[in-house]
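Q: For reference, the chains in residue letters:
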Amino acid sequence: MSNISPKERILRVLNKKKVDRPPVICPGGMMNAAIVDVMKSTGHTLPEAHHDDRLMAELARDVHKYTGFENFGIPFCMTVEAEVLGSEINFGTLACEPKIEKEVFDSVSEVVYQDIGQMLKKGRIESVVQAAYHLSRKNTDVPVVGNLTGPLSTSASIVNPVSFLKELRKDKENAHKVINYVTDFLIEYAKLMIDNGADLISIGDPTATGEILGPKMFEEYALRYLNKLIDGIHSLNAPVIVHICGNINTVKQFIPYIRSDAISTDAIINLRALKDEFPSITTMGNLSTFLLQFGTPEKVGEQTERLLKDGIDIISPACGLSTSSSIQNIRALTKTVKEHREYGRSSFLPAQQVH
Amino acid sequence: MSVGKEELFKKLSDAVVNMDEDETVLLSKKVVVDRYDAYEAIDKGLADGMDRAGKLFEEEEYFIPELLMCSDAMYAGLDILKPHIRINDKVEKHRIVIGVVEGDTHDIGKNLVKIMLESAGFEVFDLGRDIPPIRFVEKAKEVNAKIIALSTLMTTTMDGMAEVINILNEQKIRDQYKVMVGGGPISQRFADKIGADGYSVNAAEAVRLARKLVGVLPDAL
Chain A
1 MSNISPKERI LRVLNKKKVD RPPVICPGGM MNAAIVDVMK STGHTLPEAH
51 HDDRLMAELA RDVHKYTGFE NFGIPFCMTV EAEVLGSEIN FGTLACEPKI
101 EKEVFDSVSE VVYQDIGQML KKGRIESVVQ AAYHLSRKNT DVPVVGNLTG
151 PLSTSASIVN PVSFLKELRK DKENAHKVIN YVTDFLIEYA KLMIDNGADL
201 ISIGDPTATG EILGPKMFEE YALRYLNKLI DGIHSLNAPV IVHICGNINT
251 VKQFIPYIRS DAISTDAIIN LRALKDEFPS ITTMGNLSTF LLQFGTPEKV
301 GEQTERLLKD GIDIISPACG LSTSSSIQNI RALTKTVKEH REYGRSSFLP
351 AQQVH
Chain B
1 MSVGKEELFK KLSDAVVNMD EDETVLLSKK VVVDRYDAYE AIDKGLADGM
51 DRAGKLFEEE EYFIPELLMC SDAMYAGLDI LKPHIRINDK VEKHRIVIGV
101 VEGDTHDIGK NLVKIMLESA GFEVFDLGRD IPPIRFVEKA KEVNAKIIAL
151 STLMTTTMDG MAEVINILNE QKIRDQYKVM VGGGPISQRF ADKIGADGYS
201 VNAAEAVRLA RKLVGVLPDA L
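Protein sequences appear in the order of chains A and B. UniProt numbering puts the first sequence at residues 1 to 355. UniProt numbering puts the second sequence at residues 1 to 221.
Worth double-checking, as some hints may not be accurate.
Claimed, not checked - Chain A is nowhere near these chain B residues, computed Cβ spacing over 10 Å in every case:
{"hint": "1", "residue": "8"}
{"hint": "2", "residue": "48"}
{"hint": "3", "residue": "142"}
{"hint": "4", "residue": "169"}
{"hint": "5", "residue": "172"}
As the list claims (entries may be wrong) - With a straight-line cut-off of 35 Å between C-alpha atoms, the simulated DSBU-like cross-links for lysine-lysine are:
{"hint": "6", "chain 1": "A", "residue 1": "102", "chain 2": "B", "residue 2": "55"}
{"hint": "7", "chain 1": "A", "residue 1": "252", "chain 2": "B", "residue 2": "193"}
{"hint": "8", "chain 1": "B", "residue 1": "193", "chain 2": "A", "residue 2": "309"}
{"hint": "9", "chain 1": "B", "residue 1": "172", "chain 2": "A", "residue 2": "40"}
{"hint": "10", "chain 1": "B", "residue 1": "193", "chain 2": "A", "residue 2": "299"}
{"hint": "11", "chain 1": "A", "residue 1": "40", "chain 2": "B", "residue 2": "193"}
{"hint": "12", "chain 1": "A", "residue 1": "102", "chain 2": "B", "residue 2": "141"}
{"hint": "13", "chain 1": "B", "residue 1": "193", "chain 2": "A", "residue 2": "275"}
{"hint": "14", "chain 1": "B", "residue 1": "146", "chain 2": "A", "residue 2": "102"}
{"hint": "15", "chain 1": "A", "residue 1": "102", "chain 2": "B", "residue 2": "139"}
{"hint": "16", "chain 1": "A", "residue 1": "216", "chain 2": "B", "residue 2": "10"}
{"hint": "17", "chain 1": "A", "residue 1": "172", "chain 2": "B", "residue 2": "55"}
{"hint": "18", "chain 1": "A", "residue 1": "172", "chain 2": "B", "residue 2": "82"}
{"hint": "19", "chain 1": "A", "residue 1": "338", "chain 2": "A", "residue 2": "191"}
{"hint": "20", "chain 1": "A", "residue 1": "170", "chain 2": "B", "residue 2": "44"}
{"hint": "21", "chain 1": "B", "residue 1": "82", "chain 2": "A", "residue 2": "170"}
{"hint": "22", "chain 1": "A", "residue 1": "252", "chain 2": "B", "residue 2": "212"}
{"hint": "23", "chain 1": "A", "residue 1": "177", "chain 2": "B", "residue 2": "55"}
{"hint": "24", "chain 1": "B", "residue 1": "55", "chain 2": "A", "residue 2": "216"}
{"hint": "25", "chain 1": "A", "residue 1": "170", "chain 2": "B", "residue 2": "10"}
Keep in mind that the hints were calculated from the coordinates and are not lab data. Being a predicted model, the structure only gives us computed values, none of them experimental. We treat Cβ as the ideally placed atom computed from N, Cα and C, and that holds for glycine.
Given these sequences and hints, build the entire structure.
A: Spelled out as structure tokens, the structure:
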């Protein structure tokens with residue numbers, strides 16, 4: 001098992017099989033590690049790499065190489081989907097991620113439904129898919145993670161989010177219709193990524209949180225369409241990670257019903273306690289991004305040790321990283337996890353390493 | 001048959017809590033027709049309803065969709081009642097400049113804070129979303145605001161918050177303004193780190209913080 005590749009390791013974990021140590025990844029998309037430090041040293045920079053497939057692949061490789069995260073993650077934003085569905089995008093700068101300049105519709109009742117096959121030929125879909133292809137060909141040992149913006153967040157990126165949230169109550173029929181349409185599109189987009197080399201899909205859905213929606217709306221919309229999307233991806237035999245933002249307390253009872261292969265959470269959640277409560281779930285997370293930006297490598301190392309000791313299945317940052325996070329701090333995270341293997345094999349366990 | 005004043009205000013408050021915009025409009029019109037005091041109706045009806053909605057939000061009974069619908073009802077009522085406020089009731093209010101820092105176009109959280117601050121009696125100047133740091137400072141000077149409230153949902157834009165405070169320091173006017181911060185990735189630790197005067201975790205908490213920062217009790221607003 002000592003020669004297990006990073007790809008095999010994460011796929012085994014997602015399949016609930018034993019591994020030598022947890023993988024340490026940063027999936028990409030909402031949670032990408034394209035920090036300024038890395039881009040400045042390689043010259044493969046954003047915002048250009050949001051568009052060009054080769055540059056996107058190069059940047060994903062740079063991030064993997066410089067940070068030590070054991071995956072390639074693409075794309076580097078949450079706007080690919082909304083752009084294709086019609087919203088106006090501001091592509092940001094080197095240090096600032098792209099954002100929705102203006103949502104294309106004011107209400108769920110005004111959404112114009114396009115042909116999904118046609119949409120897949122538009123915008124930056126082809127760039128992302130090609131980047132997945134380049135990455136998977138060149139380094140077969142490293143998993144390629146394709147990232148999706150979840151059904152509710154994508155819907156709230158094409159419909160004005162304030163109207164959208166109200167219409168989840170006021171106009172359920174059209175709200176369901178829009179989210180269902182967005183989900184169908186996401187499944188097809190995921191399929192293209194998987195067919196072209198993505199090994200797994202990670203879904204970030206920051207609008208679909210308990211804090212924003214509350215338990216009723218979470219169950220009616222978030223759980224339903226996340227599961228529809230997950231089932232769609234599973235039918236292509238690819239595993240899925242779902243990241244839930246913020247405090248999950250009001251919707252915790254639904255977490256075991258999310259059919260993903262791992263659940264990633266924000267730093268506010270005690271993953272150890274979540275694991276104890278729901279032993280069936282595979283946990284991912286959740287090193288504070290505050291610490292990665294403002295902490296020291298020593299502090300990052302200590303917190304990473306804590307996650308390892310708590311038996312978290314996949315170690316990763318807790319949320320989206322600041323582009324000004326320090327490379328030393330990120331390396332402290334990945335190095336600590338990788339050295340964990342040494343502890344496991346050594347007969348001289350450090351005193352504090354009690355498992 | 002005319003209902004009593006207190007009963008009408010109570011119904012107005014209920015209509016806001018129940019997210020019933022049409023009912024709020026009807027009752028607000030009735031306040032005008034029955035020649036009740038518009039300022040009192042806003043205070044004991046609309047604002048009271050929004051305050052109760054805020055409490056339900058804190059108790060995790062209501063969430064953001066519900067709070068947004070309550071605020072729609074409140075604003076619909078305000079549109080009807082505002083023109084009928086007597087001039088001498090227009091007391092000087094504490095002013096707050098609010099906006100989402102540059103780089104972020106998410107503004108649900110900011111809108112909620114604005115709604116709650118307004119219904120708590122503050123005068124709020126909303127710059128909108130994706131605002132460069134210097135604009136907060138310029139606007140605060142222009143309207144003579146006491147508080148600058150900064151919001152973001154994106155980790156990559158948090159630096160803009162520190163920049164606002166830097167500008168205040170550089171211009172040597174830091175002590176003239178209170179800076180409060182909030183939003184998804186923000187924490188008390190972050191607020192302390194950049195030297196903000198306060199952090200609030202949600203919209204209801206933001207009202208309490210704003211009151212504390214201007215040093216007033218709720219009744220005095």
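Q: Each of the hints needs a verdict: does it hold here or not?
A: So, going through the hints one by one against the coordinates:
1. Every CB of chain A is more than 10 Å from the CB of residue 8(B) (nearest about 26 Å), matching its label as outside the interface.
2. Remark: the non-interface label on residue 48(B) is consistent with the geometry, its nearest Cβ contact in chain A lying 22 Å away (cut-off 10 Å).
3. Chain A leaves residue 142(B) outside its interface by the beta-carbon criterion, the shortest separation being 26 Å against a cut-off of 10 Å.
4. Against the 10 Å criterion, residue 169(B) stays outside the reach of chain A, whose nearest CB is about 19 Å from its own CB.
5. The claim that residue 172(B) lies off the interface holds: its Cβ sits roughly 26 Å from the closest Cβ of chain A, which is beyond the 10 Å cut-off.
6. For the given pair, residue 102(A) sits about 32 Å from residue 55(B) by alpha-carbon distance, which is consistent with the 35 Å threshold.
7. The suggested pairing of residue 252(A) with residue 193(B) holds, with an alpha-carbon distance near 31 Å, which does not exceed 35 Å.
8. About 29 Å separates the Cα atoms of residue 193(B) and residue 309(A), which keeps this hinted pair within 35 Å; it holds.
9. A distance of roughly 34 Å separates the Cα atoms of residue 172(B) and residue 40(A); the hinted pair therefore holds under the 35 Å criterion.
10. With a CA separation close to 17 Å, the supplied pair residue 193(B) and residue 299(A) stays within the 35 Å bound.
11. For the suggested pair residue 40(A) and residue 193(B), the alpha carbons sit about 26 Å apart, so the restraint of at most 35 Å is met.
12. Between residue 102(A) and residue 141(B) the alpha-carbon distance is near 29 Å, which keeps this suggested pair within the 35 Å criterion.
13. Of the supplied pair hints, the one linking residue 193(B) and residue 275(A) holds, its CA atoms being roughly 32 Å apart against a limit of 35 Å.
14. Restraint check for residue 146(B) and residue 102(A): the C-alpha separation of about 31 Å stays at or below 35 Å, so the hint holds.
15. The suggested pairing of residue 102(A) with residue 139(B) holds, with an alpha-carbon distance near 24 Å, which does not exceed 35 Å.
16. Simply put, residue 216(A) and residue 10(B) have alpha-carbon atoms about 28 Å apart, close enough for the 35 Å limit, and the pair holds.
17. As the CA atoms of residue 172(A) and residue 55(B) are separated by approximately 26 Å, the hinted pair is consistent with the 35 Å bound.
18. Of the pairs offered as hints, the one joining residue 172(A) and residue 82(B) holds, with about 33 Å between alpha carbons and a cut-off of 35 Å not exceeded.
19. In summary, the hint linking residue 338(A) to residue 191(A) is supported, as the alpha carbons are separated by about 32 Å, within the 35 Å threshold.
20. About 27 Å separates the Cα atoms of residue 170(A) and residue 44(B), which keeps this hinted pair within 35 Å; it holds.
21. The straight-line distance between the Cα atoms of residue 82(B) and residue 170(A) is roughly 27 Å, inside the 35 Å bound, and the hint therefore holds.
22. As the CA atoms of residue 252(A) and residue 212(B) are separated by approximately 33 Å, the hinted pair is consistent with the 35 Å bound.
23. Between residue 177(A) and residue 55(B) the alpha-carbon distance is near 32 Å, which keeps this suggested pair within the 35 Å criterion.
24. With a CA separation close to 18 Å, the supplied pair residue 55(B) and residue 216(A) stays within the 35 Å bound.
25. For a cut-off of 35 Å, the pair hint linking residue 170(A) to residue 10(B) stands: about 24 Å separates their Cα positions.
Checked against the numbered hints above, the structure violates none of them.
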